[in-house]
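Dock chain B against the given chain A, drawing on the hints supplied.
There are 2 protein chains.
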Amino acid sequence: MFEGKIIDLSHEITNFTYPGDPEFKLNPLNVENYTISEIKLGSHISTHIDYPKHVGIDNNNIEGDSKDIVIGTGFCVNIKNLDEFLNQLHADKTRKIDILLINTNISKYWGRKEYIEKEIDIEPYLDDILNISPKAVGVDCASIGNYEVHKELLSNGIFIIENLNNLEKLENKYFTFVGLPLKIRDVDGAPIRAISFIENLK
Amino acid sequence: MFEGKIIDLSHEITNFTYPGDPEFKLNPLNVENYTISEIKLGSHISTHIDYPKHVGIDNNNIEGDSKDIVIGTGFCVNIKNLDEFLNQLHADKTRKIDILLINTNISKYWGRKEYIEKEIDIEPYLDDILNISPKAVGVDCASIGNYEVHKELLSNGIFIIENLNNLEKLENKYFTFVGLPLKIRDVDGAPIRAISFIENLK
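Chains as they are written, first to last, in the numbering used here: chain A, 3 to 204; chain B, 3 to 204.
Because the hints were derived from the structure by calculation, they are not lab data.
Here are the simulated lysine-lysine pairs, DSS-like style, with alpha carbons at most 25 Å apart: (1) A:K7 x B:K69; (2) A:K7 x B:K137; (3) A:K42 x B:K27; (4) B:K7 x B:K175; (5) A:K171 x B:K69; (6) A:K98 x A:K137; (7) B:K82 x B:K175; (8) B:K82 x B:K95; (9) B:K7 x A:K69.
Partner residues aside, some chain B positions facing chain A, computed with beta carbon under 7 Å: (10) S12; (11) I15; (12) N35; (13) I38; (14) E40; (15) K42; (16) G44; (17) Y149; (18) V180; (19) L184; (20) K185; (21) R187; (22) P193.
By construction, the Cβ of each residue, glycine as well, lies at the ideal position given by its N, Cα and C atoms.
Isolated chain A (complex conformation) (with noise of 0.2 Å):
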């Protein structure tokens, strides 16, 4: 059923934060036999999913239809070879995408201050990715770009998912994606766990 390895792509939620975001606390109680902890975080802490509240587009009931849930074919493309990318997917119309990666090399900075600093800019190759229309689009940095690019993916029913780890393992290659966020309705984004596992493809 599982056929090749399972990779887990999100980061440990700790409190390496976006500079503003909230800050994550973790406050174990004892509740008589049990320990229980009370947990404080920011919706786009860590691995996270963006929703089109984060730009002020209304969500749609994207919760309580559980269409927030992302599953299905992923393929994963080094940033420097995006654009030959699209152009050969926008050539073979029998390929399909669901989730489209996009490996910037940057997560080997996750908890330094590089990480943050480095930016990407997929805005010359938006038109491409919306075209091929897939459910989310994911990269290994903190941010897919300014606010005109999440508005753009979002306001077209894309999801956005930062900060993925390991997407080097990926590069070049097809897998299934399951991404789960926390299920919170009407929000503007929440962590999301999400896997990769290689099978044999139909």
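Just chain B now, with coordinates in the frame of chain A:
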């Protein structure tokens, strides 16, 4: 690839919490043009996974090793048939279940005080459950049982998943189960988003 319908097995995260557990609070903030939110919740809110630390046992780096990813072949049995089912399973060594879900039909009371009041007793079947050694046992009610039941399962490396939803749709069925919790190191439990889908098992 994904034959059959995907079923969302997680309840929404709302302020319906176990008595004494931390409250859920969602506080949206405007940062430049974006909306982000501060989230407060308990580690055992809504559909969640229990780790050994919940009963005072070391987690042994479950999260660091990504062993908190709960994936495999699931089967769902009505609690009324649990005894009979475990006996059958014990007799048939060719069947292997990774995730055992127990449908109590209590989830229909979700959000009401009856949900918390209704209890189950699986203690008589604990030895048989340990015998089949699943990765996880899940129930669609507030608690799998008393402290001893929790400790017996968790100390034997079996995760507990509580407050599942939609189990009545899975009764007497095999399915693929994918449960992905928040990735927080050394925590006693975490909200988990879980799904099932039916496919042609090999």
